[in-house]
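Enquirer: As a plain string of letters, each chain reads:
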Amino acid sequence: MSSDSPPPGLVEDAAAELRSIARAVPALGEIEWRSPAAEAYRAVLRGIGEDAAELAGELALLARGQP
Amino acid sequence: MTDTLVVSGGGRIAVAPEDLLVAVSRCRLLAARLDEVAARLSAAAAGAVRVRVSGDRAGDLARRLRTTGMLLGATIDAYSAAERNLAAGVEVAAGQAAYWMGAALPALLGLIPLPVMLALGGWTVAGAPGLHREALGRALAEHRGLLSDVRVTAAIRVLAGTADDGLRGAGHVPWAASQLGDDRATGILGREAAARVLFSGLIGVGAAARSPVRVTAKAGAPVRRPRTVADLAARVPHPADGAPQVRVERYGDSSVAYLGGTQQLGLGATDEPWDLPSSVAAMGGAPADSVAAAAKALRAAGVGPDEPVLIVGYSQGGLIASRLASSGSFAVSGVVTLGSPGAAVPIPPRIPVLAVEHREDLVPALAGPRVDGSWNRVTATRSLYDRAAPDSPRLVPAHELSEYRATAALVDRSDEERLQRVRGQILAGLSGSADGQVTVWRADRTG
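Line by line, the protein sequences give chains A and B.
Residue numbers for the first sequence follow this note's numbering, beginning at 1 and rising by one.
Residue numbers for the second sequence follow this note's numbering, beginning at 1001 and rising by one.
Just so you know, nobody snuck in bad clues.
Residues from chain A that face chain B, not an exhaustive set, calculated with beta carbons under 7 Å:
id	residue
1	GLU17
2	ILE48
3	LEU55
4	LEU59
Quick caveat, the hints were computed from the structure, so don't treat them as lab data.
C-beta atoms are modelled at their ideal positions from N, C-alpha and C, and glycine is treated no differently.
With the hints as constraints, model all of the structure from the sequences given.
Expert: Have a look at this one:
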């Protein structure tokens, strides 16, 4: 990491927070709602959750100094 | 049975299961957390490009999630608006039908042959009242399930809202004046007026009477302040013959009054002020002995006109609570009703109202269509049965106080915004000492 990089702790914390959000977002779809719109809503949430999990993984690698 | 509450009112159009509404607010909360991550990364990135890009990506995720929550909220609102318009259309159509049926009643009666009319009249007048009651009781017992059918309770709600239209038609009130007097306009000839006409009719045929009431304190004891809606529901007096109908708890400068449900279901003048005619009178805003008795018990317990008092009522007790709040005789800080037929009673907007209802309970349906537009009134409705009501010795098992106590516990656990707000407002009114004094009161007619 270069000298103007943020402290690793900050990136680690951000990765942990994103992991927690990635778990919580798809859970918002676990509601009793029978409608075609409900499936689209759940799919969008799954997508956001997966993207958050991916970003968390990249930040974790970055915090460990891996490319 | 479901543990999900459908929340309505509170100044919002949305009428939806609480988990959907909670999902909308959680989308907002999680988006805010993502924004925070994005801000932290961007602020600390300096020359680290990958960190800055990660911050931007977190910001994008926040926007996507926020938009998803907004779309979900908009979907709920659109669905609620469509449902409300449909219900309003049904109510208007049913009201018009009732008006013209009422107007045509004399002509319709004229079609019945005179001997048949005389025979029916004779049977009604000469038949022993007990016989009629017995026949009615048998019919109700045989078709008990119908009384707990949500389609029947929905129909009763619509019909209860058209009684005034029918009466105006029967009274040959001109169409324009009828529309002007309806609850949708001035309300001068609305549902309350119809209930007053019914109460006057009951007095006219000797099925009801007004009388002074006396209240007697039954017991006094120390008590801990209630902390939840379930605590409040647990302290409402259980309706039983001759049992106290009112409980008053005093905590320093504030009080809580608990009012029980109807104790006498029949018609006719008895010593019991918590009877059916009192309920009809209170629905119409006419002087009701039960309302007078509750006010008397509150004053006798020492509740002054300026002392904040939270009133909790079950069934007719909820109706009385609404009337006391509406009257302005007490500084009512909040109202909680459980299965009350008092939803049509106008309560000043400064008083928070939490109404708990069951879909299969026909008693709240007697109030007619809900008025959910006001900011201060939030209604939590629970559906008790997935299919038919279970076998029960009770005529309307969904009206049982024990069921409402269980639903009150669900209200406490709900994260829905409107329920959280009204719960907080109501319980915040209980200031003062944690320890108080309780007295229970029995009211009787003296005339």
